[in-house]
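Spelled out, the chains give:
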Amino acid sequence: MPTSKAEVLQGTLDLLVLKTLDSMGPMHGFGISLRIQQVSRELLQLNQGTLYPALLRLEQHGWITSKWGISENNRRAKFYSLTRAGRKQLEEEAESWDRMSAMINRVLRTS
Amino acid sequence: MREILREFSHRLTALFRRRHLEEELDAELRSHLEMSVELNLRKGMTAQEARREALRGFGGVEQVKETYRDQRGVPMIETFLQDTRFGFRMLRRNPGFSLLAILCLTLGIGANAAVFSWIEGTLLRPFPAVAKQDRMMALTGTTRGVSGSTGVSWPDFLDFQKNCTLIESFIGDRIMGTTLSIGDRAERASGSIVSANYFDALGVRPILGRGFEPGEDSGRNAHPVTVISYRTWKDRYNDDPGIIGRTQRLNGVQHAIVGVAPEGFYGTFVGYEFQFWVPASMQETFDATGYKLEDRGARWIEGFVRLKPGVTPQQAQGEISAAAKRLENDYPTTNRGSGIKLFPLWQTPFNQAGTLLPTLEIALAVVVFVLLIACANVSNLLLVRAFARRHEMTVRLALGCGRGRLLRQLLAEGLILSALAAAGGLVVAHWCHNALVLLFPAPKGIVIHLPGKIDWRVLALSAAVGVIATLLFALVPALQAGKIDLAGALKSESGGVVGGRGKARIRSSLVLVQVSLSFVLLVGAVLLMQSLQRMQQASLGFSSQGVLATSVDLFAAGYDTKRAKIFEDELLDRLQALPGVQSAAFSRIRPFSYRTYSSAPIAVEGYQFAPDEQPTVDYNEVGPAYFVTMGIPLVSGREFTRRDNETAPPVAIVNEPMAAQYWRGKDPVGERFQSNGRWIQVVGVAKLSKYGTIQERPKPFFYVPLRQFFSVQGSLQVRTQQSPSAMAAALVQEVHALDPDLAPQETITMREQVDRIGYTQRLGVTLLSVFGGMALLLSAVGLYGVMSYAVSQSTRELGLRMALGAGVSDLMRLVIRNGLVLTADGIVLGAVAALGLTRLLGDMLYKVSPRDPLAFGAALVVMTIVSLAACFLPAWRASRTDPVRALRD
Chain A
18 MPTSKAEVLQ
28 GTLDLLVLKT
38 LDSMGPMHGF
48 GISLRIQQVS
58 RELLQLNQGT
68 LYPALLRLEQ
78 HGWITSKWGI
88 SENNRRAKFY
98 SLTRAGRKQL
108 EEEAESWDRM
118 SAMINRVLRT
128 S
Chain B
-9 MREILREFSH
1 RLTALFRRRH
11 LEEELDAELR
21 SHLEMSVELN
31 LRKGMTAQEA
41 RREALRGFGG
51 VEQVKETYRD
61 QRGVPMIETF
71 LQDTRFGFRM
81 LRRNPGFSLL
91 AILCLTLGIG
101 ANAAVFSWIE
111 GTLLRPFPAV
121 AKQDRMMALT
131 GTTRGVSGST
141 GVSWPDFLDF
151 QKNCTLIESF
161 IGDRIMGTTL
171 SIGDRAERAS
181 GSIVSANYFD
191 ALGVRPILGR
201 GFEPGEDSGR
211 NAHPVTVISY
221 RTWKDRYNDD
231 PGIIGRTQRL
241 NGVQHAIVGV
251 APEGFYGTFV
261 GYEFQFWVPA
271 SMQETFDATG
281 YKLEDRGARW
291 IEGFVRLKPG
301 VTPQQAQGEI
311 SAAAKRLEND
321 YPTTNRGSGI
331 KLFPLWQTPF
341 NQAGTLLPTL
351 EIALAVVVFV
361 LLIACANVSN
371 LLLVRAFARR
381 HEMTVRLALG
391 CGRGRLLRQL
401 LAEGLILSAL
411 AAAGGLVVAH
421 WCHNALVLLF
431 PAPKGIVIHL
441 PGKIDWRVLA
451 LSAAVGVIAT
461 LLFALVPALQ
471 AGKIDLAGAL
481 KSESGGVVGG
491 RGKARIRSSL
501 VLVQVSLSFV
511 LLVGAVLLMQ
521 SLQRMQQASL
531 GFSSQGVLAT
541 SVDLFAAGYD
551 TKRAKIFEDE
561 LLDRLQALPG
571 VQSAAFSRIR
581 PFSYRTYSSA
591 PIAVEGYQFA
601 PDEQPTVDYN
611 EVGPAYFVTM
621 GIPLVSGREF
631 TRRDNETAPP
641 VAIVNEPMAA
651 QYWRGKDPVG
661 ERFQSNGRWI
671 QVVGVAKLSK
681 YGTIQERPKP
691 FFYVPLRQFF
701 SVQGSLQVRT
711 QQSPSAMAAA
721 LVQEVHALDP
731 DLAPQETITM
741 REQVDRIGYT
751 QRLGVTLLSV
761 FGGMALLLSA
771 VGLYGVMSYA
781 VSQSTRELGL
791 RMALGAGVSD
801 LMRLVIRNGL
811 VLTADGIVLG
821 AVAALGLTRL
831 LGDMLYKVSP
841 RDPLAFGAAL
851 VVMTIVSLAA
861 CFLPAWRASR
871 TDPVRALRD
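Heads up: the protein sequence lines correspond to chains A and B, in order. Letter 60 of the first sequence, counting from 1, is numbered 77 in this note's numbering, and no numbers are missing. Letter 733 of the second sequence, counting from 1, is numbered 723 in this note's numbering, and no numbers are missing.
For the record, the hints were derived by calculation from the structure and aren't laboratory data. Relax, there's no trap hidden among the hints.
Restraint ranges, calculated between C-beta atoms of paired labels, are given here:
(1) 122/B to 39/A: 51 to 61 Å
(2) 39/A to 461/B: 50 to 60 Å
(3) 43/A to 389/B: 38 to 48 Å
(4) 43/A to 122/B: 53 to 63 Å
(5) 113/A to 122/B: 49 to 59 Å
(6) 100/A to 84/B: 51 to 61 Å
(7) 121/A to 451/B: 56 to 66 Å
(8) 90/A to 42/B: 18 to 28 Å
Cβ coordinates follow ideal geometry from the N, Cα and C atoms, glycine included.
Construct the entire structure; sequences and hints are all you get.
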């Protein structure tokens, strides 16, 4: 069984991917991994490979779709883009994330 | 929730596009790595560094793929498919083992499927063309204080129809027979007198013409119309498309053919296939006992009800009982003590369902035994093979295969065996679907219809049996395999000992189970055989040899009472003049026929009935010389003569129990009793005989002269030493001489007549013998397997014994003794079980105790002989052990 740590990580990764696609538009897997590393200022050291099962899961849930296309430097790559359901999911998850972090902050400050 | 469903459907579809998706995954990951390498090169790394760095950032490619695959497909199904493929390969590699296992299971599952299909086709859904049979129940009348069921009177039937709100429809239905003459071919045909709603309520649409219209069941003889069966239309009318509107003579009355029933509709009488239907208004035409449509006291119609959706049988019974109670209050003279009872279709008392039910129940129990025995056999085979595959299992475990996975693999192999066997079993069931008909003695003119039916329920049940069987036979070996001790298994197994405990224990206990189950079946079969034999030897109270029975359907030929009386007298005169005929007599009812005796309330001079006593007695109307002809002795008084006619005072002959009960042992000759509103004088006492079945208990019964209670429909008994066929030929001649348009029906011995009633007993014996034989064979195979395996595993011990001076006979005795010890344990277990179980045979046993020591003894002998036979070959092989080779290996 996966530990609770892995579950948290998985949920976080989902949120990051959705957010990235939301702000950057359709992207391929490599692009997404670069972007996440940049934005997190290299603090989040994830194996790029773990991204792919996550992408598949998001696609299975209908939150993103994929299409083969040509990358900026003329390479065949699979491009992922956010669906309407995915956008809604992102809003919900971002909101619950906000609530969650606000709560944790409060707890940490009050003691 | 939606996401989960969507994900699952994604995963499922992924199963079918695996290769394509795999290529895509490869391409995607390759493109990722290439982009990564390119970026690193641009950062100024060397080609080698760039590649290493890209791979490091990505993580393990194969691990990612593996996680990805788990996310993509359905891992459970994928491993199941793998297991299945592997299982097939294993079974193909051991064709002998696979064939034997499948054969055993096919017998087990096939026997179950066959019995299921019989139960489905004859008891649960007996009327294939009828809609919504699950809401149908059989309707019968009851009499307070009297067991058994009666019909319902027509006025009562109409009142129920009007007053019951929980019941969607009342379907009236009464079996009857006639002679169907088309062209120059005359044959007995069976049909039904039905309520007008019959076809509509059953949901059966005639393929030509129409069913009956509302109102066609009312008015005395007002609607001479008939619907004929599909087969009659095909065979007798050569599927004439212009049949509708033509007329057909039935019982002397021209009936207009208004419809042809669809193919597959045989009527609503379990066991028989009907040829025609007429509305209830024609009752008088087909019933020799007179007009009954307005008589509340005449209880003759049987039938069915269909409950409204959602109504429980209890609710319906409550409502209809209340209605019957009201009728009892409103019409006390006719309805006192009359009730109504609803039965589930499979318990219908007025057709063959009731007769078959106990037999099929026993058959069901027996085939479960056969299945268990078959499973034990296959389990044994699997255990042997598990031993042979120990090496494979050990290697797989050592390479990191989970024990759960190993278990799944073995269960999958078991499921394959079961699935193949279930398919085979259904073929067996299909072959057997007509077996009940073959075992059923058909009176001439009646088409027996007892189909086994393989529908989705039987398929589902057989599949379930297959799964359960798999769990039964594969679980033990699979769990055994899971227990392999890696370290121990890698060392070599040392030689076993004959009869040694330990590993062999499971296998021996399986044989124990087999032997004990077979023993129970054997005891059951012997008990039923004994019972059948006792029944054949049972004293009937009349001669079954040398008495022939036949009949001439004067009623159907349109004879009235006067003509019938003249005809019968003349025929008797002619018969008695024939050489070889000792005597002949008519009677209304032939003993042991399916027709029911008349029954009437009686009052006895000088006898006070207890308040709750039901003074109703069955009687038969018989002609002069009936007792001589049938060979029923009179203990006092005299036989009826031709002088006991319409003008003479009414007389009766009572049987011994009646004399004992109402005259308390005093000779009743000369005493009087009242019945049917007439005072009747007793002129004789007859010895007790059997009237309807062999198992019946002694009961009061009396006879009245046929002339004084005349019926146009009757049976003719002839006492003669001639064969039935010779007599039949003479009869045809004599009948033709009197009336060229008449023909006698089939001529049979009374013995045959009695045997026809004993059908279920013989069916029980046949089924139990067949299945018991199967069980015995399977157990013998099981015992043989265990013994020969034990011998093959202990060659070293046997060799050692031989080297130390044991002779051939010593070794044989050793092996046989072990086999017999196993058998003896099984027999003890089986005997204990049988003592408890044979009680379930209950009414099937006639004058045989369920614990009859002879039956147990016979079963013991058979079982011992069979196990000796099963042990002999292994023992012989043991005695041929070559000590030198055995010790060297």
